[in-house]
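Colleague: Chains as they are written, first to last, in the working numbering: chain C, 180 to 293; chain Z, 189 to 300.
Rather than coming from a laboratory, the hints here were simulated on the basis of the structure. Since the structure is predicted, the reported quantities are computational estimates derived from the model, not experimental observations. Treat the hints with caution; some may be incorrect.
Partial selection, computed: residues in chain Z whose CB lies under 8 Å from chain C [stated by the list, open to error]: (1) Ala207; (2) Val208; (3) Pro222; (4) Arg231; (5) Asp237; (6) Phe282; (7) Lys287; (8) Phe290; (9) Gly291; (10) Gly292; (11) Gly293; (12) Leu297.
Cβ coordinates follow ideal geometry from the N, Cα and C atoms, glycine included.
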Amino acid sequence: GAVVSQHPSWVICKSGTSVKIECRSLDFQATTMFWYRQFPKQSLMLMATSNEGSKATYEQGVEKDKFLINHASLTLSTLTVTSAHPEDSSFYICSAGQGSEKLFFGSGTQLSVL
Amino acid sequence: GENVEQHPSTLSVQEGDSAVIKCTYSDSASNYFPWYKQELGKRPQLIIDIRSNVGEKKDQRIAVTLNKTAKHFSLHITETQPEDSAVYFCAASFAAGNKLTFGGGTRVLVKP
Numbered sequence: 180g181a182v183v184s185q186h187p188s189w190v191i192c193k194s195g196t197s198v199k200i201e202c203r204s205l206d207f208q209a210t211t212m213f214w215y216r217q218f219p220k221q222s223l224m225l226m227a228t229s230n231e232g233s234k235a236t237y238e239q240g241v242e243k244d245k246f247l248i249n250h251a252s253l254t255l256s257t258l259t260v261t262s263a264h265p266e267d268s269s270f271y272i273c274s275a276g277q278g279s280e281k282l283f284f285g286s287g288t289q290l291s292v293l
Numbered sequence: 189g190e191n192v193e194q195h196p197s198t199l200s201v202q203e204g205d206s207a208v209i210k211c212t213y214s215d216s217a218s219n220y221f222p223w224y225k226q227e228l229g230k231r232p233q234l235i236i237d238i239r240s241n242v243g244e245k246k247d248q249r250i251a252v253t254l255n256k257t258a259k260h261f262s263l264h265i266t267e268t269q270p271e272d273s274a275v276y277f278c279a280a281s282f283a284a285g286n287k288l289t290f291g292g293g294t295r296v297l298v299k300p
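Can you build the whole structure from these sequences, using the hints too?
Modeller: This is the structure in structure tokens:
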């Protein structure tokens with residue numbers, strides 16, 4: 180299947196700092212990528228849809244100024260958690276698909292904000 | 189928007205027995221239903237999917253059934269093995285490749 184790479188796999192930061200997470204489609208072009216967050220023992224909650232060359236579409240309740248998404252190329256989307264706080268600590272995971280085909284997930288990023 | 193309910197939240201089975209997980213969805217426009225397996229700290233892995241024009245699909249020990257009229261679909265794992273222990277998520281979307289709405293997950297434990 181298609182390969183989606185996500186970096187970093189884990190990050191620890193101080194409260195108030197910003198953290199950037201990268202999601203890359205390695206062997207295909209992805210005009211659309213999705214960002215999810217997952218709290219321990221819970222399901223995946225869609226945060227936003229990242230569209231190449233245009234603004235991201237955020238789900239209800241997700242602060243777009245806090246979770247900045249940039250999809251500058253057909254193979255890269257980034258999620259920046261700005262002014263991170265302990266409540267932002269979570270597992271963040273991206274996904275991408277090849278047009279109408281299946282969605283594949285990145286390896287996820289465990290964010291811990293101290 | 190779409191809402192996906194998944195049951196049970198936990199499932200413990202003896203090795204060799206079958207496991208069944210059920211999901212219901214709310215949006216009749218949804219027509220793509222994948223199932224993912226997630227091990228602790230790892231990415232969800234697609235194990236099987238079904239489209240609304242199909243009622244059943246099977247891949248070795250895994251099968252999925254879909255009742256579009258009742259808006260529910262199920263995952264069946266036969267001859268369970270310890271390595272089947274994981275969290276399983278059902279999901280629904282308007283079309284393959286579109287955003288997925290996930291169920292709450294089922295933690296499956298296969299006891300040797």
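Colleague: Taking the earlier hints as the rules, which of them does this structure contradict?
Modeller: The structure breaks hints 1, 2, 6, 12; every other hint is satisfied.
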